[in-house]
Structure formats: structure tokens, C-alpha cells
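Asks: First to last, the sequence lines map onto chains U and E. First residue of the first sequence: 1, per this note's numbering; consecutive thereafter. First residue of the second sequence: 1, per this note's numbering; consecutive thereafter.
No lab work stands behind these hints: they were computed from the structure. Among the clues, some could well be false.
Said to hold, decoys possible - BS3-like, lysine-lysine: derived pairs with alpha carbons at most 30 Å apart:
(1) U:K43 <-> E:K239
(2) U:K43 <-> E:K231
(3) U:K171 <-> U:K71
(4) U:K196 <-> U:K47
(5) E:K231 <-> E:K4
(6) E:K4 <-> U:K171
(7) U:K196 <-> U:K117
(8) U:K171 <-> E:K231
(9) U:K110 <-> U:K47
(10) E:K4 <-> E:K239
(11) U:K43 <-> U:K171
(12) U:K72 <-> U:K143
(13) U:K117 <-> U:K47
(14) U:K43 <-> U:K143
(15) U:K204 <-> E:K4
Said to hold, decoys possible - Label-pair ranges, simulated between beta-carbon atoms:
(16) U:D31 <-> E:A234: 48 to 54 Å
(17) E:A306 <-> U:A140: 54 to 60 Å
(18) U:A140 <-> E:V203: 23 to 29 Å
(19) U:L40 <-> E:R301: 56 to 62 Å
What the hints assert, rightly or not - One-sided and incomplete, this derived list gives chain E residues near chain U with beta-carbon spacing under 10 Å:
(20) L31
(21) D87
(22) E91
(23) R93
Every residue gets a Cβ at the ideal spot worked out from N, C-alpha and C, and that includes glycine.
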Amino acid sequence: MMTHRLTSLLICIPLAVVISGCAAFRSSVRDQDPDTASTLTAKYDYKDLRALAEQVSSDLANHPFLVEHAKKHGESPIIAPLGIQNRTKSHIDMQALEDTITTPLLNTRKVQLVNTKRRDDLMREQGFQLQNVTPETRAAIGKQLGAAYMLTGSLVEIERESGREVRVSRKQDVYYQLTVEVTDLETSLIAARTQKERLRRASKPLIGW
Amino acid sequence: MSDKDTVLYLMERGMISQAAGAYEDSTHDWLRAVQRNDYLEAYSLSRGAVSLVSNDRALPFRGAPYERTLMRAFMAKNFMADAMWDDAAVEARNVIAAQEDLNGFPDDAYSRYLAGFCMELIDDLSGARLQYQVASQLVDSVMIDPSTGRLGLPGEAGLRIDDDETHELICFIGIGGSATRSRRYGPYIDSTMYAALLHEGRVLGRSYTLSELPRLRGATMDRLNNLQAAKEVARIAVKESIAHAVDNNDEALGELIHFLLFAMEIPDDRQWATLPTLLQVARVTCPASLDAFTVEFRSSRGQTYATRTVRAPLARRRNTFVSFCRYPGNAPRDAADRSTAP
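Next comes chain E alone, as it looks inside the complex (with noise of 0.2 Å):
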């Protein structure tokens, strides 16, 4: 691993050592990519002169706004699973703040709505419904109740609640893995697919999807490729500076040097691949006596393409579970399936 590949590295083991279960050493190393990117943030005279006469990846990978924002929400779900709330709020902030000068990278609804939550499990209940309002406003397709987050579909005759149970059970689902993995890997992401939790054989609710990763990429990549338009120019317009100086001495070195020059100008698509594609909440009310669920990955016609027992992490906080699990397989190819365009 380069030097200039030290978050990105931190970032991947970060999550692989979260999905293993080893929270402690997945937040050590969300906290080390923070910390790199922190010292990171000045720009590094040598490297940009490097990067002008070669390509972007010789710059030190930093992330995309939303997956620095997406390491701290995680990263709060290390917390949570340890039922270490107060951190948790922590990193809950840290992603507050940073959506707060987003300078045109797009806003992230899954993110907001995970902030707001560990403010609710601290008690900071004007912070929590803030960040669910924002979340509502950032997904058309998912209603939710800025007071008591609870989410469903738009035009239900309000967000259903059991009114015999007393305690709420909140899933945190991640499905598929980045946009390049579901092209390179053959079949694509169902963008309709949910989990449905269910207990003792009885449905407790469903999980709707708050961000979807190729559309956050996407967004980013625009607002990027306007930013960066003059330092493109500005990178042609050096090589060809230089190829047509040595040109002048010798014809052949010139050809050589221009061919060279611009065969390294490759992109930079370096990004955070084991990120989940999809990613959703769920809600649902549950018995007290809660210390396992099962997740059904569903389509949108009800297929069922997964199912998974949860017992761990199930943290709880007075009325609250807290969980979250992952689907990293991708959904069966049928003609009649929508697919997200990576």
C-alpha cells in the first residue's frame, strides 16, 4: 500500500472489521483515516506538481465528501453497537458539521437520519428532529416523521404504530457493494429490494431506502469534474508544453515524451468499494423480550432473496434496539427486475 493510499486502506479495513464484528478496531481505523485526513488537508506543493504533469492519482486519496461522511456515520454504528451512546453523538455531530459546508457535493439522507438518531438516544431531541426534517427533504420516496422518525411510504394514512408494543426495534440495512463492483461482478443491485424484519415468524416492518451510493457518485462526480475543468486544461496544457520543447531538439524523443505524457493521463476513480450500494433504515415496533430477528431480503414483488438471523449487534437503550446487518449479494437476474444503473 502507497502513502497516498492510507485512507482508503483504513477506509476498506475499517469496514471489513466492522462487518467481522470488531468494532474497537474498526473505529481505530476510521479514527486513523481521520486523523490522516486531517493532516491531509493542506496541499502538498510536491505532490501537485506532480499530479499536473502525470494524473490524480498521484494526489493522496482523501475521500468524496459523502464518504468522509459516511466513515462517521459508521463509525457511530461501532459506537452504538457497543452501546457506547455518548460517542456515538459524538461522531453524530461530526457529521453534522460536516454537511453543514457540503460547497455543492450532494447532501446524504441516510447519514442525517443515523445523526439525528444518536441524538434521540441522547436525549437532544430538538437535534434529532432537525436532522430527520432534513433527511424527509432529501428523499421523495420515503416519508419521514420529523418528531419520532418513524418512516413509510408517502400518501399512508400516517406512519403506522402498534400500540401494544412499548419498544422500538431501529435496523441500519446496507445492501450490495459499490457501483463498480455491481458492474464488474455481473448482476446488478434490485434498487427496489428492502429487508423485512420479522420475529417469531411474525412481521415487525420493513426497511426504506434513504441513500443510494451510484446517485451520491454521481452528484460528486459532476460537481468534481466542474471544479476541476481549469486544472484539466491546465494539466494538457503543460504536457503539451513540455512535449513540444523537446520536440524542438529532437522530433522522435518529442513524439516519445508526447505519448508517454498523455498515456498517464488516466482518471482517478479510486472510492470506498466495500461501501453498500443501498442504504436503508428500519423502524418497527418489537416485543421487550427482543434478543434475536430475522432479516428477509425481499424484492419488490416479495421474492425472497436472503434471509439472515440477527442476534448481535442488538444494543439497547430503555425502549430502543439498536441493530444493523448487511446484504453484500446481489439480486438474482430476471428480465422484469429494474436494475440500477451503475
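Chain U with its partners taken away, still in its complex shape (with noise of 0.2 Å):
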């Protein structure tokens, strides 16, 4: 009886002690690094945001155009983003890819952008301060400067997968392709255009437990 006990309680504890200290039986959250961390997915995600807008800002921050244009005008040109289409099967939040574009290009100082997005809130402002705010503060109206170019773009996604056979898992490549470019908004061409693509191949388990 004695010995039972015993060998009971030396099997218990040991367990106890391994299953409360596994981590695998504990919810954890980790910082990582967004540059290091490996993805989830093959669809569209952080690491996709990123790499992408960084290939984008960093070509069009080094096109020609702008050395062009502040040659030609002595400063450098006024871009108004008009946001890129999402063409894919996935819900993106474009306006956050945008913003990770032409955040770097406005933080070099070779662009000015005007502030698309908040041109209502913008001259709410001004007819607020046209009638509350005393003339020596007030913002004067019909100051806003005009953009030479507009910048737009699409985001494309390609999707395939492996075809009906016998097996245990399935293959799914999932290409994106952004293109980006500034049109000058005077004569309508092309100023700019960059793209940049990427693929990747995830495997699924058709069979689990």
C-alpha cells in the first residue's frame, strides 16, 4: 500500500512539475523582429508591406525624374498620392501600403506631397478658422499648392495550385506583383513606374488529425 503511494506520487509530481513548466502547454507573447521573424502564410502580410514599399520608395526616391524636375523648376516636385487599386483576393489595407511608400520618399526631402486624404478634414479647418480664429492666426484660404504628379499603382495576385491527385498535401503558389507610377498630371505621361514582385509556395496538409 505504502509502496504504491509512493510510486504514485513519484510518477505525479515529476509530471506535474513537467507539464506546468512546458511551454507548449502555456500561452507565451514574444516580441520578434520584424526582420527576422519567419511568415505564416503564403498570402499577403507584414513582411510583404514592407519588403515591398521599401523596394518601391527606395526606386522611385533614386529615378532620374526628380533630378529632372528640380533641374527644370528648381525644386523638388509635388506629388499627390490618389491610392493603389487592390487586385487581389484578399482584403489589404492599401491606404497602410500607401503610407508605407511615400513615407520614406517624403523623409528624403526630393518629394511634397500633398495631404490627398484629409482635404475635407483640411477645409473644414479653414472655413472653422475662417469664422473663430483671430485674422493674425488664421490659415489664409487659397494657399494650397497644386501637384505636378500623381502617384498610383495596383497590387496583383496570382494564385495556384496544385491539380487533383492522390497525396497528402497540396502545393499553393501565391504570386503578388505592385506596380507604382507618377504621372505628371499636365501631359499625362508616365514619369515614373517601378514594379516589384514576389512569390512564394506554401504546402497544406489535406489530412490531419
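Two chains, two frames, some hints: make the complex.
Replies: What follows is the structure in C-alpha cells.
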């Protein structure tokens, strides 16, 4: 009897310690480095947002049209970002993609951007100031600068899966292509265009427990 | 709600939210259903083993292919109601992708037309044309012009265009509940019922049926029966083996086990019950100042069953107004009316 109880304790106590200490049985939250963390999906994720936007903004920041414009007009070009079209099968935050492209571009001081998304707020604030703010401190009406170029683009997705056959997993290729262009608002000529792509392959099990 | 019916629950709740005008909630539920379905794509050995000794109701509900496609199509309507045209086009692409690999299951003209329309709204006219063309080939009773998306009856000399009007109203109409409901609640859906659209007393045009749920369901069941015949035979063989093995030791117990195992042999008749029976589209010219219109649900002989005034949803993109509405009630029983056989 004593031996039986002792044996049970010797088994249960270490087991309890192992289970309570085993990470698989505990929830945990850890910071991850976005540069080095591995991806969990073949679909669009934060790594694509960062990588595609970084490549595009780098291309645009070093494009010859910026230098040509500055030489001709004596100042950096004013660009109106007018949105990137989502042509994929996922609901992607395209505003976030546009912001991630334009923020480093703006910080290079090689371009000036007009805030097209906040025009209604801007007009509302100007209207408020006209009625309620002292003349010395109110923002002048009709002083907005016109853009010389517009920035637009599209994100395209092509997805393919392996065909029907007897197998235990299915392969899925997901390809994204981001095209961004800068168009001269006067002449409608495309001043710059850049295209970035990425392909990811996922293997999904067809049978699980 | 059991875990295995999560997708069904989300489908039904999403439809109810849409009917109540809560488009964001509806979309949220349907996106969760899509995610859940992706997770369930892997065949579960444990659940499969249980279904082999009980019935297919032990398996998680994933929806028939036409139900999954219609969920995407209805989600597109949510986005259109909020004038989110790019997001509606995302769902349209998902509809098109789903129809690429049907594996013998029926294609759906209504979803095709809706996908084409979403493409048209984002100026992908070639994509729209392709979907209108496929939809036209799937429906014998309605003519669809692939280049304009206009609808009419076969034999009409060209699809009528009112040159005075420069704006169009496209209304997606749903009539009735599922085939099961119409059987349970008595009066059948008049399959020739249509919706007449009016503005300030003037008839703008009418709707046309592109898909009928009983036909989609029937074709799906035929295909499923072909695919699952072998599994049915295997299940019966397994049950017989189990009952026989017990019977060898104890005859009475064996008989009881045999009875219980075969009493569990019930068909999996789970389906998305809140889907409309008739899926129709009306595409009519309208005044530029349209802010409301009236829908009269009529029989083929012009008898009006019900009237609705639609002020919302009524989204606008350039010269195109988009709306949808639903008539859930059944047609009054009439000896001369033709009915949809459930």
C-alpha cells in the first residue's frame, strides 16, 4: 500500500512539474523582430508590406525624374498620392501600403506630398478658422499648392494550387506584383514606373488529426 | 451551437445581419466562415473515423460549393452597399476562382453575373464581359448582353434601352427561403414570380431569375451521391462488421448494437436555410436624381403579392445605382399557379 502510494507520488509530481513547466501548455507573448521573424502564410502579410513598400520607395527616391524636375523647376516635385488599387483576392489595407511607400519618400526631402486623404478635414478646419479664429493666426484660404504629379498603382495576385491527385499535402503558389507609377498631371505622361514582385510557396496538409 | 456547425451558424447569422442592414457585422461573420472553412480543408482523421461508424453529421459543416460561392457573392453585396467597390471586386475574384474548379458541381449564373458586375464597376470591362457571357450560357430563360450586362427575355428584338435616361439601376433581388422551408411552411414559391421596379408610379423595368436554389441543390446532391457512394458502402460494411463481432459473443447485445448503429444512419441535410429560393437581377434605366424606388413582387400574370419601398441600400458609382432587396414570403396558393417542386 505504502509502496503503491509512493510510486504514484513519484510519477505524479515530476509529471506535474513537467506539464506546468512545458511551454507548449502555457500561453506566451514575445516580441519578434519583423526583419527576422519567419512568415506564417503564403498570402500577403506584414513582411510583404515592408519589403514591397521599401523597394518601391527606394526606386522612386532614386529615379532620374526627380533630378530632372528639380533642375527644370528649381524645387522638388509636388506629388498627390491617389491610391493603390487592390486587384487581389484578399481584403488588404491599401492605405497602409501607400503610407509605407510615401513615408520614406517624403523623408528623403526629394519630393513634396499633398495630403489628398485629408482634404475634407482641411477644408472644414479652414472654414472653422475663417469664422472663429483671429486674423493674425488663421490659415490663409486659397494657398494650397497644386500637385504636378499623381502617384497611383495596383497590387495584383496570382494564385495557383497543385491539381487533383492522390497525395497527403497540397502545394500553393501565391504571387504578388506591385506596380506604382508617377504621372505628370499636365501632360499625362508617365514620369516613373516601378514594379516589384514576390512568390511564396506553401504546403498545406490534406489530412490531419 | 456545436463546433462542427460553426460555418453554418456564421452563414445564417451573416444573412440575418445583412437583412437587418448591418453590413459590417454580416461581412465579419462571413469572413470568419471563410477562415474556418480554410482551416477545415484538411480532412480530420478522428472525425472521419467517427462519421464512419455514425453518420456524416459528425463531420464539420463546410457548405456545398454553391453555398460557399453564394456567400462570397452576398459578401460582395455588403461591400457594394457601403460603396466599397474595390472590396466588392475582391469578393468577385473569389467567386470567379471558386467557379474555376467545380469538379462536377453546378455553376451558378447569379454569382457569375454579380461577379461580372463588380468587375464592371472597377472598369475591368473584359473581365465583366467574360462573366456575363458565362452567366448567359448557364441560363436558357434569360438573355444577357455580354457587352452591357443588360437582361431580357429570349426572342426580344434587342434589349430595350431608354435613350432619355443616362443612369442605370441594378437591383439584386432575393425571393423566398430555402427549398426545405418552402416545403415545411406549406405554400410554394411561384417560380415565375418577378420584381417590377417603379419610380414615381412609372415602371422602370423588371427582374429576371438567374439561379434557383432547388436546382442548384438538386445538382449538388446528384454529384455528392456519386462521390459518396463508396463511402456509404464502406460505412455500412463497418457497421455490419462491428455488429457481427459483438453478435458472436452475445446475440442480444449484437442485435442491440446493430439497431443502434443503423438508427444513427441519418442523412446530413444541413444546409444554409436563409438563402433565397429565387436569385434575380433587375437592370433598368433610371433618373439621375433617384433616391428611392418601389419594388412590386408580381406573378407572371401581373398579380402583385407585395410592395416594398427601397431607400437603402442605394449606393452610387458615377451613373450607376446599386441596390438589393428581398421578399421572404411565399406566393398565395392558387390552383393556376405553377409551383417550384422542393
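Asks: Would the pair K43 of chain U and K239 of chain E pass a check requiring their Cα atoms to be no farther apart than 30 Å?
Replies: violated, 43 Å
Asks: Keeping to a limit of 30 Å between CA atoms, is the pair of K231 of chain E and K4 of chain E held or broken?
Replies: Holds, at roughly 20 Å.
Asks: For the hint on E91 of chain E, just tell me whether its beta-carbon gets within less than 10 Å of chain U.
Replies: holds, 9 Å
Asks: What's the verdict on K43 of chain U and K231 of chain E, does the C-alpha distance respect the 30 Å limit or exceed it?
Replies: Roughly 34 Å between the alpha carbons, so the hint for K43 of chain U and K231 of chain E is violated.
Asks: Under the criterion that the straight-line Cα-Cα distance not exceed 30 Å, is the pair K171 of chain U, K71 of chain U satisfied?
Replies: Violated, because 51 Å separates the two Cα atoms, which is more than 30 Å.
Asks: K171 of chain U and K231 of chain E: Cα distance at most 30 Å?
Replies: Given pair K171 of chain U, K231 of chain E holds - Cα atoms ~26 Å apart, limit 30 Å.
Asks: How does the Cβ-Cβ distance of A140 of chain U and V203 of chain E compare with 23 to 29 Å: does it lie in that range?
Replies: About 54 Å separates the Cβ atoms of A140 of chain U and V203 of chain E, which means 23 to 29 Å is violated.
Asks: Between A306 of chain E and A140 of chain U, does the beta-carbon spacing fit 54 to 60 Å?
Replies: With a Cβ separation near 58 Å, A306 of chain E and A140 of chain U satisfy 54 to 60 Å, so the hint holds.
Asks: Next pair to validate is K196 of chain U with K47 of chain U; report whether the Cα-Cα distance is within 30 Å.
Replies: holds, 14 Å
Asks: Please verify whether K4 of chain E and K239 of chain E have alpha carbons no more than 30 Å apart.
Replies: holds, 23 Å
Asks: Would the hint on D87 of chain E be counted as holding, given a Cβ-Cβ threshold of 10 Å to chain U?
Replies: holds, 6 Å
Asks: Is the straight-line distance between the alpha-carbon of K196 of chain U and that of K117 of chain U 30 Å or less?
Replies: Answer holds: K196 of chain U to K117 of chain U is near 25 Å, not above 30 Å.
Comparing the model with each earlier hint shows violations of hints 1, 2, 3, 14, 18; every other hint is respected.
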